[in-house]
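> Next come the chains, spelled out residue by residue.
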Amino acid sequence: DQQVKQNSPSLSVQEGRISILNCDYTNSMFDYFLWYKKYPAEGPTFLISISSIKDKNEDGRFTVFLNKSAKHLSLHIVPSQPGDSAVYFCAASDAGGTSYGKLTFGQGTILTVHP
Amino acid sequence: NAGVMQNPRHLVRRRGQEARLRCSPMKGHSHVYWYRQLPEEGLKFMVYLQKENIIDESGMPKERFSAEFPKEGPSILRIQQVVRGDSAAYFCASSPTGRITEAFFGQGTRLTVV
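Here the protein sequences come in this chain order: A and B. Residue 18 is where the first sequence starts when you use my numbering, and the numbers rise one by one after that. Residue 28 is where the second sequence starts when you use my numbering, and the numbers rise one by one after that.
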């Protein structure tokens, strides 16, 4: 049972444009969400997170939006840069962000940003 | 300050052999998580350990898999009598507080069972 789903295996975007990566979840107990970026042969790197008490969190070029009623979150990257090309994973926790929480990951979306 | 170190980076084992994967956390980190990534899938939680204690092993297969994090030395994920289905990338992450948002991942060990 896939509780976190990233339905787009890949996304191709032109440099300077917006990249929108989507993620859906089914478990209502999830209360904290994270996005990770992963380059080949490396481990995931934490990018940005959002608590379920918020609907938006912004950090530089990265913004995460959460729609609890739709059980949907998205990551916006503006403007996209070639160095953003990587696999992006959405992850969720049911233990909040301030306590330990094992994460449930989506399958990942490969983002390619063309110069 | 070195990052989370995993070794070996690549490990090839024949069916039935044992695999030992090592994870040295970042300096000052006493909390370790292990995740497994099967081909075409996301990472799946296996186990969460603190020094000398297993806190949550709900993601570990019941048989053949074990993990430890001794007082001294790296955390070890041990897979006995490996099968082809164990072929995957195994990632560990370490955290100073246990909070996953403060955790850093290692580069992973790619296990191939032939």
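For the record, the hints were derived by calculation from the structure and aren't laboratory data. Be careful, since some hints might not be right.
[To be verified] DSS-like cross-link-like pairs, simulated, lysine-lysine; straight-line CA separation at most 27 Å:
{"no.": "1", "chain 1": "B", "residue 1": "LYS54", "chain 2": "A", "residue 2": "LYS119"}
{"no.": "2", "chain 1": "B", "residue 1": "LYS71", "chain 2": "B", "residue 2": "LYS98"}
{"no.": "3", "chain 1": "B", "residue 1": "LYS78", "chain 2": "A", "residue 2": "LYS119"}
{"no.": "4", "chain 1": "B", "residue 1": "LYS54", "chain 2": "A", "residue 2": "LYS54"}
{"no.": "5", "chain 1": "B", "residue 1": "LYS89", "chain 2": "A", "residue 2": "LYS119"}
{"no.": "6", "chain 1": "B", "residue 1": "LYS98", "chain 2": "A", "residue 2": "LYS119"}
{"no.": "7", "chain 1": "A", "residue 1": "LYS54", "chain 2": "B", "residue 2": "LYS89"}
{"no.": "8", "chain 1": "B", "residue 1": "LYS71", "chain 2": "A", "residue 2": "LYS85"}
{"no.": "9", "chain 1": "A", "residue 1": "LYS88", "chain 2": "B", "residue 2": "LYS71"}
> Give a verdict on every hint.
Evaluated hints:
1. For the hint linking LYS54 (chain B) to LYS119 (chain A), the alpha-carbon distance of about 22 Å falls within 27 Å, and the restraint holds.
2. For the hint pairing LYS71 (chain B) with LYS98 (chain B), the CA-to-CA distance comes to about 26 Å; that is within 27 Å, so the pair holds.
3. Proposed proximity of LYS78 (chain B) and LYS119 (chain A) is supported: the alpha carbons are some 17 Å apart, at most 27 Å.
4. Distance restraint check for LYS54 (chain B) and LYS54 (chain A): the Cα-Cα separation of roughly 23 Å lies within the 27 Å cut-off, and the hinted pair is therefore satisfied.
5. Between LYS89 (chain B) and LYS119 (chain A) the CA atoms are separated by roughly 18 Å; this keeps the pair inside 27 Å, and the hint holds.
6. About 22 Å separates the Cα atoms of LYS98 (chain B) and LYS119 (chain A), which keeps this hinted pair within 27 Å; it holds.
7. Distance hint between LYS54 (chain A) and LYS89 (chain B) is unfulfilled; the C-alpha atoms sit about 31 Å from each other, more than 27 Å.
8. Between LYS71 (chain B) and LYS85 (chain A) the alpha-carbon distance is near 23 Å, which keeps this suggested pair within the 27 Å criterion.
9. For the suggested pair LYS88 (chain A) and LYS71 (chain B), the alpha carbons sit about 20 Å apart, so the restraint of at most 27 Å is met.
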